Each structure stands twice: as structure tokens, then as C-alpha cells.
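K.L.:
Here are the chains, one letter per residue:
Number of protein chains: 2
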Amino acid sequence: MIRVVKIGGNVIDDSLALERFCKDFASLDGPRVLVHGGGALGSRMQERLGIEPVRIEGRRVTDAETLQVVTMVYAGWCNKKIASLLQAEGCPAAGFSGCDGNIICAARRAPLEIGGKAVDFGYVGDVGKDSVNTRVLLGLISMGLVPVLSPINHDGCGNLLNTNADTVASAVASALGAELTVCFEKPGVLRDVSDSGSVIPALDPVSYRALKEEGRIADGMVPKLDNAFRSLREGTVRVTIKQASDLLDPGAGTVISL
Amino acid sequence: MIRVVKIGGNVIDDSLALERFCKDFASLDGPRVLVHGGGALGSRMQERLGIEPVRIEGRRVTDAETLQVVTMVYAGWCNKKIASLLQAEGCPAAGFSGCDGNIICAARRAPLEIGGKAVDFGYVGDVGKDSVNTRVLLGLISMGLVPVLSPINHDGCGNLLNTNADTVASAVASALGAELTVCFEKPGVLRDVSDSGSVIPALDPVSYRALKEEGRIADGMVPKLDNAFRSLREGTVRVTIKQASDLLDPGAGTVISL
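For the protein sequence lines, the chains are R and V, in the order given. If you read the first sequence in our numbering, its first letter stands for residue 1, the second for the next number, and so on. If you read the second sequence in our numbering, its first letter stands for residue 1001, the second for the next number, and so on.
In case anyone wonders, no lab produced these hints; they're calculated from the structure. Just so you know, not all the hints are guaranteed correct.
Partial list, derived from the structure: chain R residues whose beta carbon lies under 8 Å from chain V [unchecked claim]:
1. 49
2. 53
3. 73
4. 75
5. 76
6. 84
7. 99
8. 101
9. 139
10. 143
11. 145
12. 159
13. 160
14. 164
Please read all numbers here as calculations on a predicted model, not as lab measurements. Note that CB positions come from ideal geometry on N, CA and C, so glycine has one too.
So here's chain R without its partners, still in its complex pose (with noise of 0.2 Å):
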């Protein structure tokens, strides 16, 4: 089975994280992907070219300035560093963003009703499971090659757009019908977010809606767990949730399953 691996901020701003994690990964066996999303660099690379960021209702708007950024950073900088660092581990990374044979294909966000006007998000691509070219990834796979997937995508049309690298990680998933294990910063989801020894090890949709009318789970989990079980519905079969220093420990973090 493959397994796609998702890594986010935390390892790619920590450089010695990002290459332990580099050899722990390269030290997995059989077919796999990993995808990356961006980090505090893209930010920073903003702030220092004097881009004020835009955000509405808390989304980062995604105008034609930060998109050449984030296309930089997260398409240049971190995706070749974490295909050369990999490659230095003897693990035949080979990295790719969504253009590069049109292995992602994502439509350009819609302008969404807020309080009352219409809000376009800008260059920013959303993605699901039809939108991944999996002829493609699995020649890519099939040559033995373990592609590395930044969060940039194309619209077919000549335009690239930034897309959220969970839902990448997801769609990729389901698409390959694979394993799906996203590194987070901390141990697995928590039934106690103040106390890293709760870790719940395995979530359903039953227990999943009960923790949450508990309010044990709440804020930013929200969505990260909604889209795992939506991959798990789209095809993926396991999802895993854990830190990325776990990465090569079977039984940390949680396990979330229908």
C-alpha cells in the first residue's frame, strides 16, 4: 500500500527537525509521497519584501504579489531543500508541485458570500480527489521515485494557486486509495490539549461527535479531523495523526477510522 506522509510549519521552520524527520522518512520502506505545506518563511519572505498580508474572516487572501511568494518559498526553497535532503539520505526524493504534469489540477476558489458582499480569496486553489492525476504519481511511484508535493497547484489554464497542504495530503490519499499519516506539532489528538499524555488512539465518527459535544475537541482540530474523515470517505484507508518525531513508532498518535 502507499503511504502518503504530510509534514507541515513546525519541521520545515525547525532545520534540525526537518532533517531528522528527512531520515526518518528515508528510512521507510515501499511506496510513498510526501506533501508539505509552507511554514513561517512564506511570512517572513512577505514581511521582509514589505507585502502586507491580507486576511478575511481569518483565510489569507492570495493576491498575485503573494502568490509569486508563497510560490517561491514553499515551490523553491522548501521543496528542493526537502528533496535534497532526502536524496543526502539515499531516499529517491523528487520533488513536484501541482503543475508538473498536471499531477494536481485545482479550481480557482469561488468569491464566497461574507457578512453580505462577495469575498474573492484570490489565487487559491481547491482540490479533491477528482483533481489528482494519479496516471501520473503512479508512473512517477512505478519509476521508483518518491515525489515530494509542495501545496502549489494549477488552474490548466496558465495560472498557479495556493492550496491548503491538508487537503492536498487528503485528496492524494483518497485518490491512491492509501495511508495517510499527517504530523502535527503535538503527540495525537489530545483529550486534554493542556496535558500531551492524553492522546486518544483511536477516534470514529462516534466517538469523534461525542468528544466534541464534550467540547474536548474544539478550535483548529475541527477542521483537521473533518477532512480525515472525509479522505477516509474519499478512499483513504487509515489516517493517522501524530508528531513528526513519532513518525517511525507504529503505535503513536491516533488512529482515525470510519
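Mind docking chain V on chain R? Use the hints.
P.N.:
Here is chain V on its own, set in the frame of chain R:
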């Protein structure tokens, strides 16, 4: 036969010229590889970030900060923009840098003795025919993909290295035994640099030496032509130097042969 085409900054910096070039390149038949340089965006980005460009003896020194900028610009923005434009024209392009699939493993340039002291050019990679992983490159071409290569390579030890794009194109063409088309700002090698109608249709080592002795070929044209002749000696079948806008005209430009 595989065709390798190289474009430089004059095409990349002009969005209309780039779109026109992508349309022409997409209309070519057969297996092909595109190699692109950087263009002015790299220097402009460095300037906006307040990074002082360092040059020694006319050569850019690539320190860690400069490497990050050129990786962002060349491997990120330029590479992905070109791949997305080609995809929009129906060309199955896929952007790569040397680290991806270990396509090009470069040797970090050793310090050079200049004016009695050793000068370290930083993260600069030298490549030759043997640096090119033809197995992976031919595998990608067999999949029907059209590789688009940025001049950012790696050293196999986790470091990215900046390489001259003309050298990358020559190395790739000789490793693949390909035909090489080098696009630049003039319609070919000129007998009189001030007369764009004075294109020399063909050059071989004998006529090249004679024109150099007459002073008709000088300055930036010399390393370009030395590079072309080296590439031919190492396996490239034919080198044509022409304007990007003449890509589809088989009679345009200067054909270099041994």
C-alpha cells in the same frame, strides 16, 4: 532524437515573449527537454530583500542567502510558471531541479586562485556530461513528460547549488546525445554585432577560430561558443544558436558543428 532547448533571462523577464515561446515550444513534436535560466527577477528580489550581490572578477558569489533567493526564484517561480504555461498549451511539462530524482548531481566549485588568494564562489555547482542521470531523465521522457529544468542542482549531500544554465543545457544535451537549441537575444551569431542581418549560418572549429582572430566574435559570445563546441565533442549531435521567437523556423540561427 531528443531535443534540448535552452532559454535565458530575455524570454523569462518578458511575460508576452514567455507566453509566445511556450506556445511555440508546446507545438514542437517529439521528446524534448527545456532548460531555463534565471533572468532579472533574481537580482530584483535580492535587491528588494536588501541582499548586496557579491561579484568577484565578474562572477557572482553565491552565499547562503543568495542561494535561497535564486532557488526561490529559479526553481520556484520561474520553473513553476513555465510548467503551468506549457501545461495550458497542452504540453505535458514537468518542472525539475537537479535534486529531483537526482537528475543532476553537481560538484561544488573549488576555491579558485585569483590575484594570489583563494576565492570561494560559495554554493556554485559545476556540472558535466557525467553529472546527468540519464536513466531518470529518459524514464520521465518515456512516461510522456517534457522535463523543464531549472539551473538549481544539488551535491548529493543535502546542499543545493546554483549552476550556469548554458552549462546545464550542454551537459544534458551531450548526456542524452540530443540536439541542442540555445535561444538568446540575437537572431544568431553575427558577423557584425551591430547588424542583426549578418547572421553566420554555420560555424565549425576552423571558421570559429578565424572569426575570433578577426575580432568578429568576442566578449560573451566566446564562452557561449566554447560551451557549444565542448557539448558537441561530448556527444551533442547539433547545436543551433537562435532567437527564441525563431524557435519554429528550422532555417534560422547559426548551426554549430564539428
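K.L.:
All hints are to be evaluated individually against the structure, with a verdict given for each.
P.N.:
A quick look at each hint next to the structure:
no., hint, verdict
1, 49, "holds, 5 Å"
2, 53, "violated, 16 Å"
3, 73, "holds, 6 Å"
4, 75, "holds, 5 Å"
5, 76, "holds, 2 Å"
6, 84, "holds, 4 Å"
7, 99, "holds, 4 Å"
8, 101, "holds, 4 Å"
9, 139, "holds, 5 Å"
10, 143, "holds, 5 Å"
11, 145, "holds, 5 Å"
12, 159, "holds, 7 Å"
13, 160, "holds, 6 Å"
14, 164, "violated, 18 Å"
Hints 2 and 14 from the list above are not met by this structure, while the remaining hints are.
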